[in-house]
Amino acid sequence: MSKLIRGTLILTAATFFSKFLGLIFVIPFEWLVERGGPSGGALYSYAYVPYTVFLSISTLGIPLAVSKFVSKYNAMGDYVTGRRLLRSGLLFMSISGIITFLTLFSLSGWIAEFLVNRNGAKGNTVEDVQMVIQLVSTALIIVPVMSLIRGYFQGFQSMGPTGLSQVVEQIVRVSFILISAFLVIIIFKGEVSTAVGFATFAATIGAMSSLLVLLWYWKRRRPHLNKMMRNSVDHKIPLPKIYKELITYAVPFVAVGLAIPLYQLIDMFTITNALQQGLGFDQGKAENFYAVMQTYTQKLIMIPVSLSTGVALTVIPLITTLYTKKDFPVLHNQITKIFEIILFLTVPAGIGLAILGLPAYSFLFNNNIEIGGFVLSWYAPTAILFALFTVTAAILQGINKQRFAVYSLLTGIFVKLSLNYVLIANFGILGAVIGTNLGYALSITINLIIIKRAANYSFRPVFKRSILIGIFIGLMVLAVVVTKWAMEALVGTDYESTFTSFVVLIVSVFAGAGVYLYMSHFSGLLQHIFGDKINRFFKRRRTRAN
Numbered sequence: 001m002s003k004l005i006r007g008t009l010i011l012t013a014a015t016f017f018s019k020f021l022g023l024i025f026v027i028p029f030e031w032l033v034e035r036g037g038p039s040g041g042a043l044y045s046y047a048y049v050p051y052t053v054f055l056s057i058s059t060l061g062i063p064l065a066v067s068k069f070v071s072k073y074n075a076m077g078d079y080v081t082g083r084r085l086l087r088s089g090l091l092f093m094s095i096s097g098i099i100t101f102l103t104l105f106s107l108s109g110w111i112a113e114f115l116v117n118r119n120g121a122k123g124n125t126v127e128d129v130q131m132v133i134q135l136v137s138t139a140l141i142i143v144p145v146m147s148l149i150r151g152y153f154q155g156f157q158s159m160g161p162t163g164l165s166q167v168v169e170q171i172v173r174v175s176f177i178l179i180s181a182f183l184v185i186i187i188f189k190g191e192v193s194t195a196v197g198f199a200t201f202a203a204t205i206g207a208m209s210s211l212l213v214l215l216w217y218w219k220r221r222r223p224h225l226n227k228m229m230r231n232s233v234d235h236k237i238p239l240p241k242i243y244k245e246l247i248t249y250a251v252p253f254v255a256v257g258l259a260i261p262l263y264q265l266i267d268m269f270t271i272t273n274a275l276q277q278g279l280g281f282d283q284g285k286a287e288n289f290y291a292v293m294q295t296y297t298q299k300l301i302m303i304p305v306s307l308s309t310g311v312a313l314t315v316i317p318l319i320t321t322l323y324t325k326k327d328f329p330v331l332h333n334q335i336t337k338i339f340e341i342i343l344f345l346t347v348p349a350g351i352g353l354a355i356l357g358l359p360a361y362s363f364l365f366n367n368n369i370e371i372g373g374f375v376l377s378w379y380a381p382t383a384i385l386f387a388l389f390t391v392t393a394a395i396l397q398g399i400n401k402q403r404f405a406v407y408s409l410l411t412g413i414f415v416k417l418s419l420n421y422v423l424i425a426n427f428g429i430l431g432a433v434i435g436t437n438l439g440y441a442l443s444i445t446i447n448l449i450i451i452k453r454a455a456n457y458s459f460r461p462v463f464k465r466s467i468l469i470g471i472f473i474g475l476m477v478l479a480v481v482v483t484k485w486a487m488e489a490l491v492g493t494d495y496e497s498t499f500t501s502f503v504v505l506i507v508s509v510f511a512g513a514g515v516y517l518y519m520s521h522f523s524g525l526l527q528h529i530f531g532d533k534i535n536r537f538f539k540r541r542r543t544r545a546n
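Letter by letter, the sequence shown follows residues 1 to 546 in the working numbering.
It cannot be assumed that every hint is accurate.
In silico lysine to any residue, SDA-like type, Cα no more than 25 Å apart, as pairs [stated by the list, open to error]: (1) Lys-464 / Val-330; (2) Lys-299 / Ala-441; (3) Lys-285 / Gln-402; (4) Lys-244 / Gly-257; (5) Lys-19 / Thr-52; (6) Lys-325 / Ile-142; (7) Lys-219 / Ile-142; (8) Lys-464 / Leu-475; (9) Lys-401 / Ile-450; (10) Lys-68 / Trp-31; (11) Lys-68 / Pro-240; (12) Lys-219 / Asn-231; (13) Lys-236 / Met-76; (14) Lys-452 / Thr-248; (15) Lys-68 / Leu-212; (16) Lys-299 / Thr-500.
Calculated directly from the structure, the hints in this document are not laboratory data.
Assemble the whole structure, with the sequences as input and the hints as a guide.
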């Protein structure tokens, strides 16, 4: 148990650190690449969105499935089968990576032609978009192999290699992005497209550094792993049967992992075109809206999502065990607990960020402040839907109904794809938010129906708790609005000023969070959701105060 807890803490810390770096780096990056002219943020997103989709295709969810597969056979004392899978998997993932690299590299021109207007007087050019897509595609050669090795180590309940390689990859990638952008833009007075090209190629540099860390771990641990193999049993399972089992593990991981990238891909192909053709925007203005939504605000709203889902998903393996044993009373309690955690953490974060969209965006970023504040205010509540879909899909995996997670995802994608262009052409950038919300809401509804039927689960306890959470969120909103109004009266409403944004944001956040947490503690809601540890924490605080 202690090893499991240690591994969970390592991966949680590494993931949060990586997400945090992913948010922090865009602040100086935005300052460097949005200095007039074509939008560097849009150009960066043009490369990364298709890359993310192709990366999911190239890995097919296999790395996570490998960790589950290796762990299963290790528990049987069979270390040979896992090693055979690693050897054949390295070849398979290498071929998969090369094929997806060549495919994305070859399609880069077509994607660029579709995204931008070759004859446009403003905005990014077809050549620029093609160049950045080709540069980022090189990472596909390395990342699938790297991910497979991570999955193999995780199968031995060894999370250190994955955690350290994630951190090193992100540090190297972010450092390369910022140093190269600074050199190109500030020192050599180069083009924004060149700086963004280096920024996208940083994915390859980061992946190479991560692979080196994993190879170092392999060299150190190989003698021990070989010793385990010598004392191993061997079930002599044929490779076709191994891969058949592996694919059954991999499919649900692919579905959940592709959700956000597919929605972003639809936005990438529709936002700029719909804004230009439907509302008469020029390409530069349309790309500014696109960059704000997909490159900058997306980073902000994913922080609360990653925290809340990280906490909730730690109990998903328990759901699998409980469902297998048909221990439904405990299973129902665990599902209720997951929903309570998600609602308690994500809903106030999404609503609070919506109210403080303008000061939050203007504090972090220097350009397109009005657009950014507007988009963030409307887009922030979507974080609640992101979290709910991830969790409901994970619960479906736990109760062995993972195929419905795929069906619900495809249904939501169909809604988004069908309505997105029309919504954007009529409602502007808000149309993209509405399309995403409709798609996710439908997917979540399907997931909830299946959970209710398959697990014979009643949502009544969650509904009761939601009412109490809703009351406290209402009080939080009142505190935030009043505090924001008071701070604006005191320091002004010039959000071009970083000082003004900082004061309004920080004081309002502390006021809202203070009211929400105090009421949750006073009513016992906090203790109910997070257990006795919270009680012990508050008792220690009172003891120290006395």
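query = Is the Cα-Cα distance between Lys-299 and Thr-500 25 Å or less?
reply = Measuring from Cα to Cα gives roughly 22 Å; hence the hint holds.
Exercise. When you check the alpha-carbon spacing of Lys-68 and Trp-31, does it fall within 25 Å?
Worked result: violated (43 Å)
25 Å Cα cutoff - pair Lys-299, Ala-441 = holds (21 Å)
*asked:* For Lys-236 and Met-76, compute the direct alpha-carbon distance and say whether it is at most 25 Å.
replied: With a Cα-Cα distance of about 13 Å, the restraint between Lys-236 and Met-76 holds, given a limit of 25 Å.
- Message: Does Gly-257 sit within 25 Å of Lys-244, going by the straight-line distance between their CA atoms?
- Response: Holds, because 20 Å separates the two Cα atoms, which is no more than 25 Å.
Problem set entry | Hinted pair Lys-325 and Ile-142, Cα distance within 25 Å | violated (41 Å)
Check: Are the Cα positions of Lys-68 and Pro-240 separated by 25 Å at most?
Finding: This hinted pair holds, its Cα atoms lying about 17 Å apart.
Open item on the list: What's the verdict on Lys-68 and Leu-212, does the C-alpha distance respect the 25 Å limit or exceed it?
Closed with: holds (24 Å)
Keeping to a limit of 25 Å between CA atoms, is the pair of Lys-219 and Ile-142 held or broken? holds (19 Å)
**Message:** Next pair to validate is Lys-401 with Ile-450; report whether the Cα-Cα distance is within 25 Å.
**Reply:** Answer holds: Lys-401 to Ile-450 is near 8 Å, not above 25 Å.
**Prompt:** Are the Cα atoms of Lys-464 and Leu-475 separated by 25 Å or less?
**Reply:** Satisfied, since the Cα-Cα distance of roughly 18 Å is no more than 25 Å.
- request: Compare the distance between the alpha carbons of Lys-19 and Thr-52 with 25 Å, and conclude whether the hinted pair is satisfied.
  value: Holds, because 15 Å separates the two Cα atoms, which is no more than 25 Å.
Violated hints, listed in ascending order, are 3, 6 and 10; each of the other numbered hints is respected by the structure.
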